[in-house]
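Peer 1: Chain residues, written in single-letter form:
Protein chains: 2
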Amino acid sequence: MEQKLLFTDDVNGALRRIVSKSRPTAVFVLVDENTAQFVLPRLDLEATPITIPAGDEHKTLDTFAAVWDALQRGGATRHALLINLGGGMVTDLGGMAAATFKRGMPFVNVPTTLLGAVDAAVGGKTGINYGGLKNEVGVFALAADVIVSTVFFNTLPTRELWAGYAEMLKHAMLTSDDRLNELLAFEPTGDRQRLLTLLKESVEVKRRIVESDPCECGPRKALNLGHTVGHAFESLALQRACPVPHGYAVAWGLVVEGVLSHTRLGFPSLLLHRLADYVLEHYGTFHITCDDYDALLAAMRHDKKSRHGEINCTLLAACGDVRLDQAVDDDEMKTALDLYRDLFHI
Amino acid sequence: MEQKLLFTDDVNGALRRIVSKSRPTAVFVLVDENTAQFVLPRLDLEATPITIPAGDEHKTLDTFAAVWDALQRGGATRHALLINLGGGMVTDLGGMAAATFKRGMPFVNVPTTLLGAVDAAVGGKTGINYGGLKNEVGVFALAADVIVSTVFFNTLPTRELWAGYAEMLKHAMLTSDDRLNELLAFEPTGDRQRLLTLLKESVEVKRRIVESDPCECGPRKALNLGHTVGHAFESLALQRACPVPHGYAVAWGLVVEGVLSHTRLGFPSLLLHRLADYVLEHYGTFHITCDDYDALLAAMRHDKKSRHGEINCTLLAACGDVRLDQAVDDDEMKTALDLYRDLFHI
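Chains as they are written, first to last, in the numbering used here: chain L, 1 to 346; chain P, 1 to 346.
Simulated from the structure, these hints should not be mistaken for laboratory data. Here the structure is a predicted model, which means the values were calculated and not measured. C-beta atoms are modelled at their ideal positions from N, C-alpha and C, and glycine is treated no differently. Among the hints, erroneous ones may be present.
Stated by the list, open to error - Cβ pair distances, simulated, as ranges: (1) P:C290 x L:Q37: 45 to 55 Å; (2) L:G132 x P:D44: 32 to 42 Å; (3) L:D291 x P:E46: 36 to 46 Å; (4) L:C242 x P:E204: 28 to 38 Å; (5) P:C290 x L:T150: 35 to 45 Å; (6) L:G132 x P:R42: 35 to 45 Å; (7) P:C290 x L:C217: 51 to 61 Å; (8) L:D338 x P:K21: 40 to 50 Å; (9) P:G131 x L:C242: 32 to 42 Å.
Model the full structure from these sequences, guided by the hints.
Peer 2: Structure representation (structure tokens):
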């Protein structure tokens, strides 16, 4: 499994080189309504566009099948190329469509959001939502190339930058106190060059972890930090028909799992409070009451990481000191949710 | 990629050993209406059954999604186990469902047909039909184990034995004149012990080829012999709403591609006539007129093996002397179809 990761602001040049090297029989570009309007016109690309609706609520089997339809209509062979141009929803769904079409055609990811760049860009996870659960089905399939660029970020609402920054906070927590403090002293809406530097470092953290464990059998579980609770928040928000951005759910999930890390493993209280204050200030609050606990716990037990229907988290004894496969019982999780509500004054 | 291939008539014992070794969180068994009725009751298996309709016309996205639904309802995790108990439709569709559910849960194939044993048992191809095309979408995913047994063959109609035997004829053609003559002197409805011996040899041919080329980049294309034309016959039959068994389509496809092998590469005329006579006697005729040629050629150009919309076949200069990637133009294919109709007196 090999994947080229290109950091460049010359996206047109990078795409031209990829196409002239792999000589596909046809080139398709998958965009959502947003990237069709704001990003695609900025590229000098000879490709058949396939446009899907924007938003995680459309990351469905129907949308997925519509991509198959479009590839089929366009006469795609397994030697064609699909360029996924968009956020994580486009790269996840497009990656799965390419990986399954005629048992696999090559694809290139061009993330247009910070979250897509830092999270969906490397790792080979593809998938769609199913039966009300996030990323319930999918395959591991690596893009042939990933082009990471900041040139599209100015088309994004501020909120998208913050969503991506949550994954960067996670990578920092998996690295060191210093790295986390560095990120907590910065804002992604600030200096673009500084953001690019931090982004490269962050992607390197993920790449190192993924390369050590391509199929998520062991060390890669570190990347699940914040996600057991984060996904449950996302599922609850979907059930409320009021979806929240994945990155925001991760930010809140990092706080809850930070609380668990503190109570169980002694993660430093001061750092936890700094993190919680930062998340509260920039991400606001995900509102829950104890009436939501049962639904949240049920979603956590349905998580792909769960082995026997228990709640399974990745926790930290300190930044960079990762403890995988921490089984959390219902009472412990409810207490952590109580403490989250205290920290967020709800 | 590792896959254990077990030849045994003690299927219960083999399954017990697999389950006690891998200790899945839950066991599901995928059956179609036929294997639910005739095969499952003969197994001593503690597993949640998932029943799907029988027949290639149900190898669809809807059926596929119904398996996801059942796994989700049953609380399957990625550490559960799916046993696919049935013919190639069940192992293809079940393999794809397992490979994509939560990005991959382990599965075991227990082929209950000769075709399933000789063809679907090894190789890791999974998939479903889509947009009127056979196996249009799918993934490469190896079963953890494959249990090959003849104990289920007596539940099969004779026609199913013949369907499987076509793939054995193909493997013989890929090996030697002697092997092909051996098979043309036998009938799969004959001595069961002899059939088992021939079956093992046949599976070994496929296993050797697949292991040399797991992703179908090169030598594995040998296994496509008979399939470019065979798949087109199957697609045409589907369009006529009158499906034919895959193995029968392959038998007819072997004759047409044998004709091409003869006219282009000098494949021996005597052996071609022996093959055609055998196929005509035991498989009957797939009826086509020249009015069907355009539809057939269009289907061939849509084949997954096609790179630039040309018709691509695997052909033989002699048995065992394989020539991959033979581009066939429309006139040459139409002539071969004419000769097929001559050989079959239609």
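Peer 1: At the C-beta level, are P:C290 and L:Q37 separated by a distance inside 45 to 55 Å?
Peer 2: Holds: the Cβ-Cβ distance is about 49 Å, inside 45 to 55 Å.
Peer 1: Measuring from beta carbon to beta carbon, are L:D338 and P:K21 in 40 to 50 Å?
Peer 2: holds (42 Å)
Peer 1: Does the hinted range 32 to 42 Å hold for L:G132 and P:D44 at CB?
Peer 2: Once the Cβ atoms are compared, 36 Å apart, the range 32 to 42 Å for P:D44 and L:G132 holds.
Peer 1: Given a hinted range of 32 to 42 Å, is it respected by the beta-carbon distance of P:G131 and L:C242?
Peer 2: holds (35 Å)
Peer 1: If I claimed the Cβ atoms of L:C242 and P:E204 lie 28 to 38 Å apart, would that claim hold in this structure?
Peer 2: violated (58 Å)
Peer 1: With 51 to 61 Å as the target window, see if P:C290 and L:C217 comply at their CB atoms.
Peer 2: Holds, at about 56 Å.
Peer 1: Within 36 to 46 Å or not, the Cβ separation of L:D291 and P:E46?
Peer 2: 38 Å Cβ-Cβ, so the 36 to 46 Å window holds.
Peer 1: Does the Cβ pair L:G132, P:R42 satisfy 35 to 45 Å?
Peer 2: holds (37 Å)
Peer 1: For the range 35 to 45 Å, tell me whether the beta carbons of P:C290 and L:T150 fit it or not.
Peer 2: Because 60 Å falls outside the window, the suggested range is violated.
The structure does not agree with the numbered hints 4, 5 stated previously, though it agrees with the rest.
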